[in-house]
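Residue strings, one per chain:
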Amino acid sequence: MDINEIIKPENLVYTKPRLMNDNPMHYCPGCSHGVVHKLIAEVIDEMGIEEETIGVAPVGCAVFAYNYIDVDWIEAAHGRAPAIATAVKRLNPKKMVFTYQGDGDLAAIGTAETIHACNRGENIAIIFINNGIYGMTGGQMAPTTLEGMKTSTCPYGRNVALNGYPLRIAELVERVDGTCYVTRQSVHTPAAIRKAKKAIRLAFENSMAGKGTSMVEIVSTCNSGWKMSPVKSNQWMEEHMFAKYPLGDLKNV
Amino acid sequence: MAKIKGAVVVNKERCKGCELCVVACPSQVLALQPTEVNDRGYHYAFMQNPDACIGCASCGLVCPDGCITVYKVKL
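The listed protein sequences correspond, in order, to chains R and A.
Going from the first sequence to the numbering used here is simple: count from 1 and add 48.
Going from the second sequence to the numbering used here is simple: count from 1 and add 76.
Read the hints as simulated data drawn from the structure, not as lab findings.
Misleading hints may appear alongside valid ones.
[Stated by the list, open to error] Listed next, the stretches of chain R that the computed footprint assigns to chain A, with coverage defined by at least 3 CB atoms under 8 Å from CB atoms of chain A:
(1) 61 to 69
(2) 73 to 84
(3) 261 to 269
[Unchecked claim] Here are the simulated DSSO-like cross-link-like pairs (lysine-lysine), alpha carbons at most 30 Å apart as the crow flies:
(4) R/K142 x A/K79
(5) A/K81 x R/K243
(6) A/K150 x R/K243
(7) R/K280 x A/K88
(8) A/K79 x R/K64
(9) A/K88 x R/K64
(10) R/K243 x A/K88
For every residue, glycine included, the Cβ atom is placed at its ideal position computed from N, Cα and C.
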């Protein structure tokens with residue numbers, strides 16, 4: 049059968065989500081952000097809450113998230129996305145409010161906002177992209193950088209005596225009472241991507257149902273910051289990141 | 077057994093040649109262009125072995141830039 053006979057609208061099984069627009073993304077080739085953007089766009093479309101959704105974009109690589117997904121967005125100051133989301137959700141309780149943050153934003157400068165938003169049990173969903181590095185500013189050490197991992201500000205590897213231990217945010221917010229759903233997922237294989245999509249959907253449903261704060265941590269790659277090819281960095285993530293950041297649900301009430 | 081045949085269309089101007097689809101494909105259908113590049117200078121992905129495609133959409137799922145559209149028919 050000729051290829052042109054297969055390529056017909058009725059045979060379509062997968063395409064770019066409708067809510068993701070045609071702007072070329074500024075992310076590096078192979079960046080996990082793109083996959084998570086796609087999942088968010090798909091979930092919002094499937095739930096039919098396009099008009100009800102308000103996203104809060106962070107500072108970091110995902111700062112231009114509002115250019116790529118066609119829903120309403122607010123740009124927050126560095127680390128303050130959960131605080132902005134709190135205000136938005138309290139003023140518009142019927143809206144689905146989510147934040148999209150990286151580890152430099154959420155786990156470093158925004159730790160206080162994150163933990164207190166979770167502790168208050170704000171009905172927001174937090175999508176947390178953890179790649180263990182500050183991607184946007186040139187690969188500096190983040191609180192989530194692994195022990196011994198080389199970055200531009202710890203070129204001999206993270207030294208625990210000097211820099212402390214990697215911060216496990218998901219375990220931290222799992223302990224506070226305001227969270228209803230805390231999970232850690234990844235997007236390195238098709239199976240993992242399907243699971244991550246389910247997790248994002250559940251988090252968004254919790255936000256709509258007013259059950260409390262949901263956090264979906266996505267362990268992801270930063271191939272430019274890690275100085276590897278996209279394929280290599282996925283392998284490196286499986287070998288090293290998952291030991292410190294094991295995948296799975298931590299809390300689901 | 078019903079035979080399934082798929083086809084992949086890559087938006088080659090959007091493709092950044094990250095190679096994730098090439099690795100994700102279970103039947104080694106996709107490859108990166110060895111010499112040709114798109115307007116932005118990336119070696120974009122293409123169907124090197126179109127007959128083997130089963131339309132599983134693994135390539136589409138892993139593509140970070142959403143450049144891949146997958147079609148499938150039952151023969």
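Against the structure, the hints come out as follows:
Only residues whose C-beta sits within less than 8 Å of a C-beta in chain A count toward coverage, and the region 61 to 69 of chain R has 6 of them, enough to reach three; the restraint holds. Against chain A, the region 73 to 84 of chain R contributes 10 residues with a C-beta closer than 8 Å to a partner C-beta. That satisfies the three-residue criterion, and the hint holds. Taking a C-beta to C-beta cut-off of 8 Å, the region 261 to 269 of chain R contributes 0 residues in contact with chain A, too few for the three needed, and the coverage statement is violated. Pair hint R/K142 plus A/K79 does not hold up; C-alpha atoms about 47 Å apart against a cutoff of 30 Å.
Using a Cα cut-off of 30 Å, the hinted pair A/K81 and R/K243 holds, with the two alpha carbons roughly 26 Å apart. At roughly 27 Å between alpha-carbon atoms, A/K150 and R/K243 fall within 30 Å of each other, so this suggested pair holds. A distance of roughly 23 Å separates the Cα atoms of R/K280 and A/K88; the hinted pair therefore holds under the 30 Å criterion. Our distance criterion of 30 Å between C-alpha atoms is met by A/K79 and R/K64, whose separation comes to about 26 Å.
A threshold of 30 Å between alpha carbons decides the hint, and for A/K88 with R/K64 the separation of about 14 Å falls inside it, so the pair holds. Proposed proximity of R/K243 and A/K88 is supported: the alpha carbons are some 28 Å apart, at most 30 Å.
In terms of the numbered hints stated before, the structure departs from hints 3, 4, listed from lowest to highest.
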